[in-house]
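Line order of the protein sequences matches chains R and B. Numbering (our numbering) for the first sequence: 1 to 142. Numbering (our numbering) for the second sequence: 143 to 284.
No lab work stands behind these hints, which were simulated from the structure alone. Mixed in with the good hints, there may be bad ones.
Claimed, not checked - Sample of chain R residues lacking proximity to chain B, with all beta carbon distances greater than 12 Å (derived):
| hint | residue |
| --- | --- |
| 1 | LEU28 |
| 2 | ARG31 |
| 3 | ARG37 |
| 4 | SER47 |
| 5 | THR86 |
To be verified - Reference listing, derived: stretches of chain B covered by chain R, where coverage requires no fewer than 3 residues with Cβ under 8 Å from a Cβ of chain R:
| hint | stretch |
| --- | --- |
| 6 | 164-174 |
| 7 | 217-228 |
| 8 | 270-282 |
Quick reminder that beta carbons are idealized off the backbone N, C-alpha and C, glycines included.
Here is what each chain is made of, one letter per residue.
There are 2 protein chains.
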Amino acid sequence: MVSNVETRRSDCPISCSLDLLGDKWSLLIVRDMVFGRKRYFKEFFASDEGIATNILTDRLKRLEDNGIVSKQPDLENGRQIVYTLTEKGVALIPVLVELLCWGAVYDGVSQFDLDKVRQILQDTRSRQRFMRELKKRCTSTP
Amino acid sequence: MVSNVETRRSDCPISCSLDLLGDKWSLLIVRDMVFGRKRYFKEFFASDEGIATNILTDRLKRLEDNGIVSKQPDLENGRQIVYTLTEKGVALIPVLVELLCWGAVYDGVSQFDLDKVRQILQDTRSRQRFMRELKKRCTSTP
Chain R
1 MVSNVETRRS
11 DCPISCSLDL
21 LGDKWSLLIV
31 RDMVFGRKRY
41 FKEFFASDEG
51 IATNILTDRL
61 KRLEDNGIVS
71 KQPDLENGRQ
81 IVYTLTEKGV
91 ALIPVLVELL
101 CWGAVYDGVS
111 QFDLDKVRQI
121 LQDTRSRQRF
131 MRELKKRCTS
141 TP
Chain B
143 MVSNVETRRS
153 DCPISCSLDL
163 LGDKWSLLIV
173 RDMVFGRKRY
183 FKEFFASDEG
193 IATNILTDRL
203 KRLEDNGIVS
213 KQPDLENGRQ
223 IVYTLTEKGV
233 ALIPVLVELL
243 CWGAVYDGVS
253 QFDLDKVRQI
263 LQDTRSRQRF
273 MRELKKRCTS
283 TP
């Protein structure tokens, strides 16, 4: 699925990416799916950042409209909706990992395992391995 | 420089990064400095995306307050301000490159050299080289 050309500010791929992801919440939902294996609305809602329900509803709809997330009825409970990442969504893992490394190194977060993140940042191979593991996790059945 | 802890939504490094960069414009200004070697307000203002002057002023101030950009009077024309990336700003190159690759692959932009971007995306070594070249460019005198 391709984003609506009319909403593009330019043909620059970075600008196109930010047209879809340039807000404070969309990538946090993708983060929850990648790192937290979250799949339900109530799980995203419970994240530490305290997203409002209307913003969460809007961002999930936009992520779905842009082919980053897909939704299906839960096989075990048909009234619940399960959200999963599409291939396009899984392809955002490198973006998330770079934001993780940058935030960990330059924003001095005390409660996070900085040493581990710095190790990933400095060593290309371990970063690649980390991304492969995340991708595998996202594309396997929970 | 560390971002204000009070404005943080959580201690997650990805969330912290998005507290600073999660909008449609901040990373485009950094992009202009990395890829376009832009340094002046009027140069950022002239970019294809058509940023409004008040938004540009606000984002440059925020980037400066968060230690991503620094500003000095232009040595050749003291009335002009020159903006440059700090070390923290240069460290955003991998984030930009991943957004570039993702946008180029998943948003089918016709006017961009997709083949070149796909080559960077698929080959880890060439991606590393590309990032090193960009970093070198940003830390050398124009």
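Inset, instruction - Apply the coverage criterion to the stretch 164-174 of chain B and chain R: a residue qualifies when its Cβ sits closer than 8 Å to a Cβ of the chain, and three qualifying residues are needed. - result: holds (count 7)
Inset, instruction - Run the C-beta distances from ARG37 (chain R) to all of chain B and say if the shortest one exceeds 12 Å. - result: holds, 15 Å
Inset, instruction - Measuring Cβ to Cβ, find out whether THR86 (chain R) lies farther than 12 Å from everything in chain B. - result: violated, 10 Å
Inset, instruction - Check the non-interface label on LEU28 (chain R): least C-beta distance to chain B beyond 12 Å or not. - result: violated, 6 Å
Legend entry - Within 8 Å of chain R (C-beta), three or more residues of the stretch 270-282 of chain B: Violated, because only 1 residues of the stretch 270-282 of chain B bring their Cβ atoms closer than 8 Å to Cβ atoms of chain R.
Legend entry - Annotated coverage of the stretch 217-228 of chain B by chain R, confirmed only when three residues or more have a Cβ within 8 Å: With 0 residues closer than 8 Å to chain R, the stretch 217-228 of chain B misses the three-residue bar; violated.
Legend entry - SER47 (chain R) non-interfacial with respect to chain B [C-beta, more than 12 Å]: violated, 8 Å
Legend entry - ARG31 (chain R) non-interfacial with respect to chain B [C-beta, more than 12 Å]: About 5 Å separates ARG31 (chain R) from the closest Cβ of chain B, which leaves it inside 12 Å; violated.
In this structure, the earlier hints numbered 1, 2, 4, 5, 7, 8 are contradicted, and the remaining ones agree with it.
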